[in-house]
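Engineer: Single-letter residue listing:
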Amino acid sequence: MSKYLVKRIGYLFVTIAIVSFIVFMMLFFTPGDPATLILGNMSTEEAREAMREQLGLNSPFLVQYFNFVKDLVLHQDLGTSYITQRPVLQEILEVVPNTLILSFVAIVIAVVFGVALGIISAVRQYSLIDAIVTVFAMIGISAPIFWYGLLMILLFSVQLGWFPPSGFDTPSQMFLPCLALGIQSMSMIARMTRSSMLEIIRMDFVKMARAKGQKEVWVILSHVFRNALIPVITVIGLQFGMLLCGALFLEVIFSIPGLGRLMIESIKMRDYPVVMGGVFFMSLCVTIVNLITDICYALVDPKIAKS
Amino acid sequence: MNTEKILEVKNLKKYFKVKNGMLHAVDDLSFYINKGETLGLVGESGCGKSTTGRTLIRLIEADEGEVLFHNKDVLKFNKPEMKEFRQQAQMVFQDPYSSLNPRLSIFELISEPLMNSNQYRKDKVKTNARVKKLMEVVGLSERLINSYPHELDGGRRQRVGIARALSPNPEFVILDEPVSALDVCIQAQIINLLKRLQKELELSFLFISHDLSVVKHISDRIAVMYLGKMVELSDYNAIFADPLHPYTQALLSAIPIPKVNVERNRTILVGDVPSPVNPPEGCRFAGRCIHAQEKCHQETPELREVGGNRFVACHLVNNEPSE
Amino acid sequence: GKSEPANSGDQSSKKDTLTVAIPFDPITMDPHAAGDTPSVNNQTPVYETLVVYDQDSKIAPMLAESWEQIDAKNWKFNLRKGVKFHNGEEMKASDVLFSFKRATSPDGVKVQYVMGAIDAANCKVVDDYTIIIATHEPFPLLGYLPYIGASIVSEKEFAADPEKAARNPVGTGPFKFVEWKKNDRCVYVRNEDYWGEKPAYENLVIRTIVESNSRVIELESGSIDIAYAIPANDVARLEQNPDTKIERNTSTLFNYIGMVNDKAPFNNPDFRMAIDLALDEEAIIKTVFRGIADYTPTPVTPICMYFDDSDTKPRYNPEEAKNLLKKAGISEGTTFTMTIYEDQTMMDAATVIQSMLKEVGINLEIKVLEFGTFFLGLESGDYEFFISAWGAVGFTEPDNNLFGPLHGSMIPASNSVHYNSSEYNGLLTKSRATPNGPEREKLIKDAQKLLRKDVPMITYANLNQIVGTRANVKGFKPSLAESHFVRYAYFE
Amino acid sequence: MNKNKKDTKTKVTKSRGQFAIVLLSFKRNKLAMAGLIILFILFLTAIFAPFIAPYGFDTTDYDNTFQQPSAEHLFGTDEFGRDIFSRVVYGSRLSLSVGFIAVAISVVIGGTLGAIAGFYQKQIDNLIMRFMDILLAIPQFLLAISIVAVLGPGLFNLMIAVGISSIPRYARIVRATTMTIKGEEYIEAAVASGTNDTGIIFKHILPNCMAPLIVQISLGIADAILMAAGLSFIGLGIQPPAPEWGAMLSGGRNYIRGWAYMTYFPGLAIFFTTLSLNLVGDGLRDALDPKLKN
Amino acid sequence: MENNKLLQIMDLCVTYKTQEGLVHAVNNLNLEISDKETLGFVGETGAGKTTTAMAIMRLIPCPPGKIEKGKIFFEGEDLLKISDRKMRKIQGKDISMIFQDPMTSLNPVMRISEQIMEMILLHKKINKKEAYAEACKLLELVGIKKERADDYPHQFSGGMKQRVVIAISLACSPKLIIADEPTTALDVTIQAQVLSLMKDLKDEFGTSMILITHDLGVVAEICDKVAIMYAGSVVEYASKEKLYLNPSHPYTKGLFNSIPKLDTDEEFLEEIDGLPPEPTDVISGCAFNPRCPYCMERCEKEKPGITYLDKEHYVCCFLYENK
Ligand SMILES: Nc1ncnc2c1ncn2[C@@H]1O[C@H](COP(=O)(O)OP(=O)(O)OP(=O)(O)O)[C@@H](O)[C@H]1O
Ligand SMILES: Nc1ncnc2c1ncn2[C@@H]1O[C@H](COP(=O)(O)OP(=O)(O)OP(=O)(O)O)[C@@H](O)[C@H]1O
Ligand SMILES: [Mg+2]
Ligand SMILES: [Mg+2]
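Chains as they are written, first to last, in the numbering used here: chain A, 1 to 307; chain B, 1 to 323; chain C, 1 to 492; chain D, 1 to 294; chain E, 1 to 323.
To be clear, the hints were calculated from the coordinates, so they are not data collected in a lab.
Yeah, the Cβ is synthetic: ideal placement off N, Cα and C, and Gly gets one too.
It is possible that some hints are incorrect.
[Claimed, not checked] One-sided and incomplete, this derived list gives chain A residues near chain E with beta-carbon spacing under 8 Å: (1) H75; (2) F205; (3) A211; (4) K212; (5) K215; (6) R226; (7) N227; (8) E265; (9) P302.
[What the hints assert, rightly or not] Calculated cross-link-like contacts (lysine-lysine; reagent style DSS-like; alpha-carbon spacing at most 27 Å): (10) B:K17 / D:K122; (11) E:K125 / A:K215; (12) A:K215 / E:K17; (13) D:K30 / E:K17; (14) D:K203 / B:K124; (15) E:K17 / E:K66; (16) B:K259 / E:K125; (17) B:K259 / E:K253; (18) E:K71 / E:K5.
Kindly generate the complete structure, drawing on both the sequences and the hints.
Structural biologist: Encoded structure:
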């Protein structure tokens, strides 16, 4: 297991290194001059040239990338934001907790309700409740998150005045965005749980458990569910990337200071260090979550635990 | 019987690289098949029967050894020679469900091997006639010519598989468990069909199966494999009347016989077939053999002739058969 | 927000926190590195300048008690005594000198556009409370001094650790900085040692709420007291709501349609005039700004000093426009591209302009670029039509709106229309050397008349400052740009 | 071991093509049928937009701005007095073409890569799939944003961005199916009958890859439409006055307080489009995947 | 009702609703089994063997399955009428079941010991520790070392898994074990091991057993009685000896003739023509009539009733009606 972990973590670093290279390359070829953006359009060409020199924007691509890596490795430093002149790491760390809280709460909501609904509809296949869950899940998957985020504000903040439409400090502020984000993944998870439960439910060992005289509830929970969990875990892992994207919309709609918004703004402002840092961080999150899902996988599936 | 060797295999080896070592799927196999003869290849699951069959026609590339087809080494054939060879040697697969492409019609399936020869590719009428002839030969009604495999039952599908193998007029056909997926009644139909075709078309068969009674019914000679090695090879009568290798003996005694009141001395093997990954030195059967001795665990027994055209790989069998 | 909704007036007398919502997050707290409105919004509570525009847009003393112009290039300022920085140090002339030096050094590169005029090397400290400020060329310095780049910072703090100082501003203003939560809020507390009249409330919170809807909803629910940049379509509702009200002011900001003047057919004044004639600016204002903006005939907006009020009507005559187009050799159905960046009002305006130009037989393709890409092309003069804006500084000094965007020496930096008229250049250069008075007034007005004739750009809207406040917030008046002063606000 | 014996149960003798079977199981699946019908209507709408829409998508009418839905303007009018119904109708052209073309891009590139990886395996496979893994480590939407930033906004660039960012999923699925199919006995049978590599890829592997791919495509188009709308929503999408639904939604957001209907209709349009595609995709999956049948 | 009958099935009908139509999986099936008796239940694929077994256990998935009519008496009580609770008490404790495929009948994520303990804890009032000890004892009984009790199924070979399943089914010393093709998925040598184990255990515990299979050899080995099933109903029922020596129903005869014999050489096998009926087809008269070589006019119109050839031997065929 530990060897496996070491290998995975090594792989994680390689992935991130290449991701950073790709992103760096993409940014390099992106039109738009950071110096102009920093200084504004009233600035003089000399000032901009000086700024470019100062930011190292005039060196060749590989040199710039090398400097980035050097700083990262030697100083654990992601550089300084062109725009705010603050360390990128600090910029990111300030906003990242909100994004993580948002994603985490959403995923908890999604997993708890998604799995429960999935189980219910699988067990009661073709029943009314199954139909309702299926339709609900389809709606959850198809409706654009930025739309129902808005509708939620319209309903809960404007019409009913129950929750504030912006900010992310108090639980009441967090409720709407977390719910909105959770709904989408919940739908995915519910459907996945349902179909993998249905697949497992037909297997011989389930019949065997019933033939033992086991109660149906326990058959479902102790035999079917644990096996059905394996594909569900993959979905949860994959959901995380999607969740970060959904979070980005909600950060915009609910005015939440988060990583997604920071990224969009930085991309627009050609604040390369922040973009790099953000991508770096997001990839790190995604890869770590993948690692965690793989470990959960191993915990659930004894076959994988061995190898 | 004609004694011309159509196929001769010498020291064939195929190892697969797997996670924790080398999997000895086929290890130093030698045998031959005469023209018009059926060689039965039996053994338990995973002992390398299919791998042997596949390496013979180079669906898998062998690691070592020679496969002489009409005295020419198949393993050294170049592309055009291979193309020629593929017309002469064909294969019928175990699973009539997965061995037919579900998207092709029966006509397309049967004519596929023909498409490699110019005379058929250009001439639609000829192909059509040939396919219809083949369908008739294997007992498929002509109206099925445009149906798709999923519309047919297992027996019919296997007939399609056979027709397809026969379409380029091969001399030699490898039959990889062609009946094991079928019910007894259908199985009987297919076996009869194969026997009839062999007679009519003077085919040579390599018949792979794990069902000894079926093998016995169809084969002239039988080779028994265990964990990638051949342990015994002789005439079918001899094997059933007087199995020499302890494994063959155990195998025979394990077959349930559908008769009442037959008294049998059964040797029930203990333990499971060991893993073929990095097998130890010595006789591979030694671990389960009730007669195993010191020597068996240390030296690998060679397949040797023990008279009467019988071959066996066991330290404990005397040079002359006991009769 | 942290603050609970204030339901009625009885509670508000006790209120000691003012919460302001702005639409964007500040970029920096370093006044010499700030060019953007949100940063200015967050620095005005903390930093102060030598002089200031009062609520009536007149120059008034702030850190300087009095001043005089010694000659064309030198000004003497007498500083206020007993002014303390938030770190307890007293403000001296040396701090002023330091601030100006810093603002004109590479550190102040973002404020170069204004501060570059100051010749820091020749500024002289006379004594602790007197300083002489020099400019390179004759320059209307006083009108520019309320600029954020001219803020006075503590020499001690900035000399020691500029980076820390940039994040933890230490100024002389009525509020002390407490914390800055990125993309969320900045928090301030009243400076109890303030030299002047202290604000009526103790805490100031400036929140970043990007969504205009949310800003309005939060204002309605009482979570915030003042909301900047209220969308025009919410004005009526906030005015009707007894709990909220709208404060508005005109401004020196304007949006314009740019045409690259050194490129055919835009180099033909007839063509430019034809476009002006084809556009019904009032209709644009009505649709895009829901009527809450004014027309300005030139970059000099009506509030500016020396506004030329002889010719203020928008020109709209599609028939004449067609004639002029014919004269300019533009055939019916010619297609042009209008490049804009993604700003809702600009996209809306472009949409309206598109349909108006269609009336005179010009097809307009709208190309929306990202902000970053937009400016790149602006510099290189790649565009045909474009829409841009000017005037973030917000002074009534007309030079601000005439020189940067149109003076020949500013090509390509800020003169994006590449207008280079020797007559116009001469008028402006001369006006800079002329002290305020009838002579300067004439020069400035002539410049405006020239622009009216030449139409190098079509200024279609003079924006209004629209700020929503709770009904119990008094004493607040929007400034001419978005850098409003909240220090005078109080709860009733 | 003859595990295969079990399969012998699945016998179909009635003469039905695969397509007919899919259709049949589709007919039984009411949700999928509903999806198919909605999708069909959408297609008709897109094709006949000029005949359906009562006004032009960019016809402004400054005297009739902000009209609530009425008989004259089914969905009301927007801030320029444009008829929202007409815009939504014309928008179907954009959204559907963005969805289809973007997916076409990713299927062609991803599918080819996946097929190459799956067929030749070993190093090539390793190289391609590691690269795909890396692309997958960047959240897809972020990747799309970055690509739009590089290329600039616009209809075509939007398609490219959405297309490129979903390459990995098609590469993966095609690779996986190629590899499964490669292991099928009928491929061996084809080799044994002398068919060459090209014949095998085109006659045997590709046609059999289609089932899972089609499912993925129909779900993928829904995702692509959503993603394109998302990009428009944050202002990186199609240029005005093109009636892209995401952009309409984004624009309508400013008027949500007094004129919420402006966000209802484009939102509903996106929703129904993706819903129908998801339903159809789901139905296809059930119809094509024997495991889920009972 | 005679009292020595442990299980008696009367007129059982089971149907499945499928896309193609209603499948009459079990049609008016009658069957009985006495104490300490082993019944072999033979038939082709799709004959309805598994369905019958599931009906006894009351595990027919519903939908799509439905028990249309019939009675299943177990120790005098109709299993189809009692409450779920009561049925759960019987499941596992009095009747236990072994499924066809050992690969899938064990839960892959539970330890072997847990799976055995589950059964014990459900039906015996003992604590976990005792249950664990008992589970180990059961494992030893089926020839698996108790050290391996905490392993997971994937660490076992097929034969071992099937033995674990047997251990589970024996855990509560049931009165009846239903074994659904317990060895079909196993190799011959392993099959021999498992069969001999089952035989020993059955004798030791004195349980009754229904052994479902399509292999007449297996039946010959361990059964006392045999029921031949065709298209959902039993066509012939007799003691093993009687059936093997005197197969009477044309289908039974065909079945015997289809099997390749080990002890005699024949050129061709006798086959039953045609194919088993489609599950959805309703055949009027005797279900076997389209394939029956002795088919009479009457067979196409009427369903044959039960004809007793002997006290222990009945057949459903008009050929014997008047004898
Ligand atoms: N491509 C492969 N890669 C790795 N191992 C393989 C491969 N093909 C076969 N093997 C292994 O080689 C051994 C022999 O396999 P083979 O299929 O020849 O056995 P078999 O006797 O035909 O078995 P069966 O009766 O199940 O068909 C098995 O252990 C199998 O797992
Ligand atoms: N869950 C089900 N849904 C629909 N039809 C079913 C179901 N289970 C069984 N059947 C049908 O009922 C008939 C009898 O099936 P059953 O499984 O009892 O046969 P069997 O004799 O056990 O066959 P095998 O030897 O293949 O196990 C078959 O035609 C089968 O297709
Ligand atoms: Mg005009
Ligand atoms: Mg069965």
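Engineer: Is the hinted pair K215 (chain A) and K17 (chain E) satisfied, with a Cα-Cα distance of at most 27 Å?
Structural biologist: Roughly 26 Å separates the two Cα atoms, so the pair holds.
Engineer: Does K17 (chain E) lie within 27 Å of K30 (chain D) when you go C-alpha to C-alpha?
Structural biologist: 18 Å, holds
Engineer: May I ask you to test the interface hint for R226 (chain A) with respect to chain E, counting a Cβ-Cβ separation under 8 Å as satisfied?
Structural biologist: 5 Å, holds
Engineer: K215 (chain A) was flagged as interface toward chain E. Is the shortest Cβ-Cβ separation under 8 Å?
Structural biologist: Hint holds; K215 (chain A) Cβ to chain E Cβ min 7 Å, cut 8 Å.
Engineer: So if I understand the rule, the pair passes when the alpha-carbon distance is 27 Å or less; does K259 (chain B) with K253 (chain E) pass?
Structural biologist: Between K259 (chain B) and K253 (chain E) the Cα gap is close to 13 Å, so the pair holds against 27 Å.
Engineer: With a cut-off of 8 Å, does the beta carbon of N227 (chain A) approach a beta carbon of chain E closely enough for the hint to hold?
Structural biologist: 6 Å, holds
Engineer: Can you verify the interface hint for P302 (chain A): is its Cβ closer than 8 Å to any Cβ in chain E?
Structural biologist: With a closest approach of 4 Å, the P302 (chain A) hint holds.
Engineer: Just to be careful: measuring from the Cβ of K212 (chain A) to every Cβ in chain E, is the smallest value less than 8 Å?
Structural biologist: 4 Å, holds
Engineer: Can the restraint linking K259 (chain B) and K125 (chain E) be considered satisfied, given a maximum Cα separation of 27 Å?
Structural biologist: 45 Å, violated
Engineer: Just to be careful, I want the Cα atoms of K203 (chain D) and K124 (chain B) compared with a cutoff of 27 Å; is the pair within it?
Structural biologist: 19 Å, holds
Engineer: Would you check whether H75 (chain A) satisfies its interface hint, that is, whether its CB is within less than 8 Å of any CB in chain E?
Structural biologist: 46 Å, violated
Engineer: For the pair we were handed, K71 (chain E) and K5 (chain E), check the Cα-Cα distance against 27 Å.
Structural biologist: Holds, at roughly 14 Å.
Checked against the numbered hints given earlier, this structure breaks hints 1, 8 and 16; the rest are met.
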